[in-house]
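In the order they appear, the protein sequences are chains A and B.
Note that this note's numbering numbers the first sequence so that position 165 is 165, with each residue one more than the last.
If you want this note's numbering, it's the position in the second sequence, counting the first as 1, plus 276.
Rather than coming from a laboratory, the hints here were simulated on the basis of the structure.
Keep in mind it's a predicted model, so treat the numbers as computed, not measured.
The beta-carbon is built from N, C-alpha and C at its ideal position, and this holds for glycine as well.
Misleading hints may appear alongside valid ones.
Claimed, not checked - Partial chain B-side listing against chain A, Cβ under 10 Å, derived:
hint, residue
1, T638
2, F760
3, L762
Said to hold, decoys possible - Pairs of lysine-lysine residues, derived as BS3-like cross-links and limited to a Cα-Cα distance of at most 27 Å, are as follows:
hint, chain 1, residue 1, chain 2, residue 2
4, A, K193, B, K674
5, A, K191, B, K818
6, B, K568, B, K629
7, B, K404, B, K629
Claimed, not checked - Just so you have them, the derived chain B footprint on chain A, three or more residues with Cβ under 8 Å:
hint, segment
8, 23 to 35
9, 113 to 125
10, 128 to 141
11, 221 to 232
12, 257 to 267
Listed here are the chains, written in short residue letters.
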Amino acid sequence: MKVRMLTYTRQDSYIHRLTGAAKLIFFAVWSVTAMITYDTRSLLVMLLFALVIFRLSKVRFRDYSFVLYLILFFFALNHLAIFLFSPLEGVSIYGTRHELFPIAGRYVVTEEQLFYQFNIALKYVTVIPMALLFILTTDPAEFAASLNRVGISYRIAYAVAIAMRYIPDIQRDYENISFSAQARGIDISRKEKLTRRVRNVIGILMPLILTSVQRIETISAAMELRGFGQRSKRTWYNGRPLAARDYAAVALIAAIAVGSTWLTFRDGTRFYNPFG
Amino acid sequence: MKHLENDEQVIVFSDFTFQYRAQAEPTLRNISLTVRKGEKVLIAGPSGSGKSTLAHCINGLVPHFYAGTMQGSARIMGEELGEASLFKLSSRVGTVLQDPDGQFVGMTVAEDIAFKLENDGVPQHEMKQRVAAAARSVGMEGLLGASPHELSGGQKQRTTLAGVLVSEVDVLLFDEPLANLDPQAGKQTIELIDRIHRETGKTIIIVEHRLEDVLHRSVDRIVLIEEGRIAADASPDELLCAGLLKRAGIREPLYWTALQYAGCSVTPDMKPASLRDLRIDEWAAPLAAWYKREEPVSWEEEERPAVLELEGIDFAYERGESPVLQRVSLRVGRGELVSVVGRNGAGKSTLSKLVCGFYKPTAGRILYKGQDLAGDSIKERSERIGFVMQNPNHMISKTMLYDEVALGLVLRGLDETAIRERVHDTLRVCGLYEMRNWPISALSFGQKKRVTIASILVLQPEVLILDEPTAGQDYRHYNEMMEFLLMLTGQGTSIVVITHDMHLMLEYADRAIVLSDGEVIAEGSPADVLTDSRIVEAASLKETSVYELALRAGIEQPKEFVRRFIGRDRKERGA
């Protein structure tokens with residue numbers, strides 16, 4: 001069964017060797033930076049950097065292909081929606097209007113709109129590789145250990161790890177439940193009307209929630225029987241101290257964030273304007 | 277806690293009664309029980325007898341995890357239950373739970389073994405050494421980095437056991453350790469528990485209802501629980517001879533049943549609890565005489581019209597990946613009860629999912645009454661071939677019994693009176709008619725299982741595929757379920773049962789199909805399959821003890837002995 005989709009795989013690369021905490025900080029700051037800036041130059045540099053890092057990580061295409069397609073689908077949908085709801089957003093941002101060709105009514109394709117949506121697309125493709133990398137290269141157990149190290153309660157840290165441990169199991173439950181539902185005639189495909197479909201999906205979710213609740217009961221009993229949660233501190237089998245390369249990674253992302261923000265706000269607006 | 281001397285009492289219950297907070301009546305009543313250091317005790321009892329609750333009182337889940345009221349006294353390692361914290365108890369009593377998957381809390385084998393040490397705050401370098409040693413003691417040292425979904429059920433269980441052994445506990449408690457394992461893995465578990473008992477001298481408590489499998493290695497005592505009370509507390513030999521087990525709804529060992537058929541009156545000093553120790557000499561002659569007396573059973577297959585046929589099925593989840601099934605061909609006749617056996621991961625479940633149309637085969641054809649099913653949707657197939665999953669909770673989506681069974685018909689747009697009629701008919705067949713207005717939550721596990729079968733039967737399929745229909749059920753419920761299925765075959769329904777249960781296959785199946793690594797390696801009468809050591813080995817099955825008995829008694833044709841035994845046994849049950 002395809003249970004290994006979008007989960008951590010043991011491999012060796014520069015990225016895999018970083019501790020989970022360093023990667024989390026890097027990913028968080030990276031995303032915020034990319035969200036803030038509309039500066040095309042900054043985004044292009046970041047994208048290039050992301051692609052290089054992605055290459056270095058040696059993750060395999062089949063480990064994330066499905067999710068990538070899913071993201072690209074929503075990506076396309078999102079762009080369509082932006083144009084439908086706000087076809088002249090670019091014009092109002094950049095303050096000029098270079099029409100390329102009209103479509104119908106208020107829908108006119110302008111250079112400004114294309115450039116604006118190009119920037120949004122850039123943001124997406126800058127953040128996506130980093131998000132995928134964070135999930136694919138972070139060992140959940142080590143991640144829990146390093147979250148604990150940076151000051152987060154080990155109970156919360158372990159809860160995150162255990163959730164990742166049981167994702168494949170819950171996927172398998174879901175598959176079984178949806179199979180048996182389909183055999184009874186519960187249709188969740190596009191052939192069904194939307195309202196019926198939503199009702200049918202809820203019908204599948206009920207048994208999934210119930211089995212998951214039972215799972216949680218077993219897990220928590222097993223954990224308590226082995227002394228979890230009794231002491232204020234615990235040690236970690238897979239814990240690793242932060243190494244020089246982790247500090248280097250954090251320093252690097254700090255530099256990128258400061259650099260990008262400076263470039264973006266230097267001229268008093270978030271948008272890089274090639275039209276003016 | 278003070279250090280325990282040899283021969284000291286580790287567990288002492290005196291007149292102990294326990295009632296769960298949500299229950300109207302006590303689950304355990306007036307329990308008095310003593311276990312000494314180094315003893316190996318089996319706690320046996322049917323479902324709902326309270327044996328699991330008793331286990332929870334030993335490891336402290338009662339009252340810390342499952343609240344309720346207690347009367348009398350229960351002292352575990354010298355501490356009164358309820359006074360010592362669960363944490364304190366957990367370093368004296370190590371528990372291996374039933375579900376090998378659910379209790380695997382680590383991301384890898386090593387981390388799961390280390391879990392207790394991590395919680396105790398053991399430094400990392402010491403932890404690594406102790407984990408390595410514990411892994412070696414259960415034979416998992418080569419798989420320290422493996423994640424849970426790369427492991428078999430047996431391997432997961434051994435990991436949990438190592439995770440318990442890693443921290444010097446005094447008592448090892450096993451809660452239904454055989455429930456989720458294939459026969460071979462179960463046998464290995466019992467051998468491993470025995471070895472650890474001999475090597476470490478720890479107190480061992482096993483809670484199980486599969487008596488014959490546990491007695492593969494000797495135990496000191498069996499405590500029989502019935503309706504919350506201790507019905508017997510004696511050596512296995514005495515308990516067997518007293519005939520209490522059968523009455524309590526525990527299955528007696530098959531070889532023991534064979535001895536009974538042969539008219540042997542067995543006494544405790546013959547050591548009947550273990551086939552290895554059994555003094556058979558004086559009974560060899562009566563067994564041989566019984567064998568001659570018993571009529572030979574004809575296993576001539578009557579020609580049945582084929583309902584379901586698979587021809588050369590290949591399947592792989594993804595192109596280029598190693599195939600899950602290869603060249604699988606099989607045939608199910610009308611009204612036939614076929615069992616599909618083989619170890620976990622042999623492709624049994626995948627096979628049923630192909631038949632139902634959840635996946636498409638990469639090669640080969642699936643025929644229903646001679647017609648190719650390739651063009652039929654899942655929904656269309658389900659009206660001819662019903663599939664009942666192992667876990668009833670995966671199937672039930674309504675809160676009321678009637679609605680659950682009616683669901684498939686409602687979705688097919690039948691009118692209300694037709695639905696009611698068909699649902700009521702089905703409920704009568706399944707013995708659920710009296711409960712038709714009950715909420716599902718009021719049903720027992722076995723009843724829920726029956727509801728899921730009813731919800732499939734209502735669509736009137738001619739083939740029913742069931743994945744482990746008797747899992748998690750004791751002997752009485754097992755019998756009820758199988759007799760029910762047998763009745764359905766009498767009405768012309770063909771039944772395919774995917775199972776680990778060798779007894780089920782021997783007692784009920786017309787034919788057994790053995791899968792190993794995605795290929796059919798044998799097909800034939802259950803007696804022939806289970807007496808062929810080559811097949812037994814390749815598919816992780818277990819030879820039946822009746823065969824071993826015949827060998828030990830010097831019967832010339834042990835296979836025929838097994839056949840005649842089964843023939844007799846089916847007649848007994850039919851009567």
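Here's how the hints hold up against the structure:
1. T638: 15 Å, violated
2. F760: 20 Å, violated
3. L762: Violated, about 24 Å.
4. A:K193 with B:K674: Cα-Cα ~21 Å, so holds.
5. A:K191 with B:K818: With Cα atoms ~48 Å apart, A:K191 and B:K818 exceed 27 Å; violated.
6. B:K568 with B:K629: It is violated: about 45 Å lies between the C-alpha atoms, which goes past 27 Å.
7. B:K404 with B:K629: 42 Å, violated
8. 23 to 35: violated (count 0)
9. 113 to 125: violated (count 0)
10. 128 to 141: holds (count 3)
11. 221 to 232: holds (count 11)
12. 257 to 267: With 0 residues in contact (Cβ-Cβ under 8 Å with chain B), the coverage given for the segment 257 to 267 of chain A is violated.
When the structure is compared with the earlier hints, violations turn up for hints 1, 2, 3, 5, 6, 7, 8, 9, 12 and for no others.
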